[in-house]
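> Sequence:
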Amino acid sequence: MQPDLNNRDIKFIKMNTVIVPVDFSETSLNAARYTGQLLSGHQGIKMILFNVVEKEEEAEVSKEYLENLKTELEKNGIMITALTEFGDDFIEKLEKLARNQKADLIIMGINGRSPLHHAIAGSNTFKIIGKKVCPVMIIPPETKYTAMKNVLLTSDFRDVETTTPSEPIKDVLKIFNPNLHVINVDSNHYVALTEEVQEEKAKLSDMLSEFSPEFYFLGWYDVTEAINQFASDKNIDLIIAIPKNHSLIEKMFKGSNTKKLAYQSPVPVLAMHE
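At position 101 of the sequence shown the residue is numbered 100 (numbering that gives the first Met the number 0), and the sequence of numbers has no breaks.
For the record, the hints were derived by calculation from the structure and aren't laboratory data. Do not rely on the hints blindly, as some may be mistaken.
[What the hints assert, rightly or not] Straight-line C-alpha distance at most 27 Å; calculated BS3-like pairs for lysine-lysine:
hint, residue 1, residue 2
1, Lys92, Lys54
2, Lys92, Lys131
3, Lys95, Lys54
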């Protein structure tokens with residue numbers, strides 16, 4: 000059955016190259032399969048399956064596993080390259096590859112555990128986000144691909160005109176055409192929105208006006224819990240975050256794992272730098 004190219008859910012950011020680091024953990028394999036479904040039906044997009052090994056005897060195992068995964072994912076009609084490199088610094092190798100390939104997106108699992116001791120775990124994920132090479136999509140464990148019907152944009156409502164990467168965000172929204180929810184969490188909202196917040200809201204509303212955003216101001220003390228609970232209540236399929244620091248994104252995943260918040264399935268987070 001040929002993919003329906005008119006289906007808004009099989010299109011994504013204008014891109015040429017997507018890198019998916021794989022350490023052969025279930026988490027990283029799930030991220031690769033998620034990516035395969037996300038990119039299904041596209042022409043001209045290259046997906047790079049990437050693994051780093053330290054020892055020569057590990058290389059053949061890596062290549063064999065990557066080729067098997069490549070064969071599986073090629074059924075989605077994607078152009079795939081499998082790449083194994085030697086090295087003891089995963090982040091350095093990934094950053095170099097992303098820059099050399101002019102990657103448009105890195106998609107990573109989180110909380111992986113590698114039999115070859117190259118875990119794509121939380122710290123590595125946040126390290127590569129900090130390199131600001133390209134947007135990074137984080138796929139939580141066991142998350143399955145779903146249509147992007149509801150997208151949540153988080154904002155601190157501070158100097159939004161210069162700190163919001165509006166064009167990349169709009170590229171995502173134009174293709175998915177989802178319901179757009181914009182959220183700000185601040186305990187001071189228990190009283191009233193300040194004049195400054197109202198002004199920033201007006202600016203952001205104007206920037207994203209073609210998508211008719213709905214704004215939510217939650218007076219919670221725990222930002223992470225508020226965002227995760229909102230994602231559950233509104234059936235959010237993707238969270239777009241602007242990581243001025245890593246703490247919020249990191250807490251979102253740690254919170255969802257340790258506090259066991261209400262929602263059934265954690266959703267991917269797309270980190271886009273200002």
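> Would you mind marking each hint as holding or not holding in the structure?
Against the structure, the hints:
Proposed proximity of lysine 92 and lysine 54 is supported: the alpha carbons are some 15 Å apart, at most 27 Å. In summary, the hint linking lysine 92 to lysine 131 is supported, as the alpha carbons are separated by about 15 Å, within the 27 Å threshold. Distance check on the hinted pair: lysine 95 and lysine 54 sit about 20 Å apart at the alpha-carbon level, within 27 Å; holds.
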